[in-house]
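Asker: Once you've looked at the hints, dock chain B against the given chain A.
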Amino acid sequence: MAAPQFEAAVGRYLPLEVDGRHYRLYVEEAGRGIPLLCLHTAGSDGRQFRGLMNDEALTSEFRVIAFDLPWHGKSSPPAGWQQGEYRLTSRAYVDTVMALVDALGLERPVCMGCSIGGRIVLHLALEHARRFRALIGLESAAHAEPYYDLDWLHRPDVHGGEICGAMISGLIAPSAPPGERWETIWHYMQGGPGVFKGDLHFYTQDGDVRGRLSAIDTKACPLYLLTGEYDYSCSPADSRELAARIEGAKLTVMENLGHFPMSENPALFLRYLRPVLEQIRTAR
Amino acid sequence: MPQGIAQLLAQLANADGALVRRGRFLEVTFLLEIGASAYLIRIHRGRIEAIAPGPHMQPRWTFALRAAAPAWAKFWQAVPPPGAHDLMAMLKSGDLRLEGDLQPFMANLRYFKELLALPRAAGAAEER
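Sequence order for the protein chains is A and B. Those letters in the first sequence? Residues 402 to 685, by our numbering. Those letters in the second sequence? Residues 18 to 145, by our numbering.
The shape of chain A in the complex, shown without the other chains:
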């Protein structure tokens, strides 16, 4: 009998203490080389990076690591979750990323985050620049204004999975391959009650970094920004405004991609990502 043809990614559970709370995190990785820590979007999980983990050219140079934030994917919420309301904060997000970097013993990894992950890399640039070899913000803006009542995402007369999936569907570019499009939407449909909304607390309120951009030093850590032209949550205009306010930030606007480039169309996204990673890999 032929050996099973597993994909390259291997996943494990990691007990992790962050700010005095105990979490059980799901961490997945593929490849070897420079660590590339990947942060998923609000209301989704690390499966968004499946296309990258299955790309042999990438994993021959980079150790691609993705984890599910607490409350997301296969990571558990903390004990006692049933009594509270989930709300992601800048502090908790930064501390979770740094606790994971420490726990895995990552030596100056590249960190690439999308959407809320694209926002938190700006916070990492402010607080921990020297711990990273480079930062990559996908669909990254300094702030986002809500354009609908976020309460729709978590109320008993609207199905949470249906509304989260339907809400984000338009953030995917029209030309995305249907299989990747619906996989991307499915992850949203699987989110726990109120989790997407809780992430958007960070995205639309707590994570606002507009007043601190001038303190980002791209000489201490290079910052790359890549934004899809069909993204209206973090639009190319939002990313242009961000790039204009950070000296040395390098922005690429990606055609025929939306808010979830690595998940909605991995093959097309890799065409934009490879030159960025090559610059990072060959930098002094």
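It should be emphasised that the hints constitute simulated quantities derived from the structure, not laboratory data. Predicted, not measured: the structure shown is a model, and the values here were computed from it. Hints are not guaranteed to be accurate.
As the list claims (entries may be wrong) - Derived Cβ-Cβ restraints for the label pairs, each shown as a range:
(1) D550/A x Q24/B: 52 to 60 Å
(2) I68/B x E679/A: 38 to 46 Å
(3) R531/A x A95/B: 43 to 51 Å
(4) A95/B x T653/A: 20 to 28 Å
(5) Y549/A x P98/B: 20 to 28 Å
Stated by the list, open to error - Chain B is faced by these chain A residues, among others (derived, beta-carbon under 10 Å):
(6) V411
(7) D456
(8) Y549
(9) W553
(10) H560
(11) A567
(12) I569
(13) A574
(14) P578
(15) E584
(16) A616
(17) T619
(18) G629
(19) L652
(20) G659
Quick reminder that beta carbons are idealized off the backbone N, C-alpha and C, glycines included.
Answerer: Same frame as chain A, but now just chain B:
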């Protein structure tokens, strides 16, 4: 157009078994405004049961979607440009106004997004 688009919408929707199935719990009348034209569209168990073109003397509807004719024309292009490709994108830009009791709309958001996008595949924008 726009008289044609409402009839086209009904034809396409009622022929789409998967859409009708997803809308099987849906009972609502909504107003679709395309510039100066407005239609009252009645949905029963996921099927478009009636379309009443304006002018309406005393219209009753649960929610309304209003946008200018050029905004809908862009939305109905086979491959719409960024910003015109999704109802929520149009809402954010202000091109689309949503009014009334939005619960049936939000609870069936996928249904309404897909219903209103149906004319794209039929080449509605080109017909105009």
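Asker: All hints, please: hold or fail.
Answerer: Now the hints, each set against the structure:
The hinted range of 52 to 60 Å is not satisfied by D550/A and Q24/B, whose Cβ atoms lie roughly 33 Å apart. Distance hint check: the CB atoms of I68/B and E679/A are about 56 Å apart, inconsistent with the given range 38 to 46 Å. Between R531/A and A95/B the CB atoms are about 50 Å apart, so this pair conforms to the stated range of 43 to 51 Å. The beta-carbon spacing between A95/B and T653/A, approximately 27 Å, falls within the hinted interval of 20 to 28 Å.
Restraint check, Y549/A to P98/B: a C-beta distance of roughly 21 Å satisfies the suggested window 20 to 28 Å. Interface restraint check for V411/A: the shortest CB-CB distance to chain B comes to about 34 Å, outside 10 Å, so the restraint is violated. Because the smallest distance between the Cβ of D456/A and any Cβ of chain B comes to about 27 Å, over 10 Å, the interface hint for this residue is violated. For Y549/A, the suggested interface contact is upheld, since its CB lies about 7 Å from the closest CB of chain B, less than 10 Å.
With its C-beta approaching chain B no nearer than about 5 Å, W553/A sits inside the 10 Å limit, and its interface hint holds. With a cut of 10 Å, the hint placing H560/A at the interface with chain B holds, because the nearest CB-to-CB distance is about 7 Å. Because the beta carbon of A567/A sits about 4 Å from the nearest beta carbon in chain B, less than 10 Å, this interface hint is met. Hint status for I569/A relative to chain B: holds, with the closest Cβ pair at about 9 Å, below 10 Å.
Annotation: A574/A was flagged as interfacial toward chain B, and the flag holds, the nearest CB pair being 8 Å apart, inside 10 Å. The restraint placing P578/A at the interface with chain B is violated, with a minimum CB-CB distance near 14 Å, outside the 10 Å limit. For the restraint placing E584/A at the interface with chain B, the shortest Cβ-Cβ distance is roughly 16 Å, beyond the 10 Å limit, so the hint is violated. At its closest, the beta carbon of A616/A sits 30 Å from a beta carbon of chain B; the interface hint therefore is violated under the 10 Å criterion.
Taken as an interface hint, T619/A does not check out: its beta carbon lies about 28 Å from the nearest beta carbon of chain B, beyond 10 Å. A least Cβ separation of about 9 Å between G629/A and chain B falls short of the 10 Å threshold, and the interface hint therefore holds. Because the closest C-beta pair between L652/A and chain B is about 16 Å apart, greater than 10 Å, the hint is violated. At its closest, the beta carbon of G659/A sits 9 Å from a beta carbon of chain B; the interface hint therefore holds under the 10 Å criterion.
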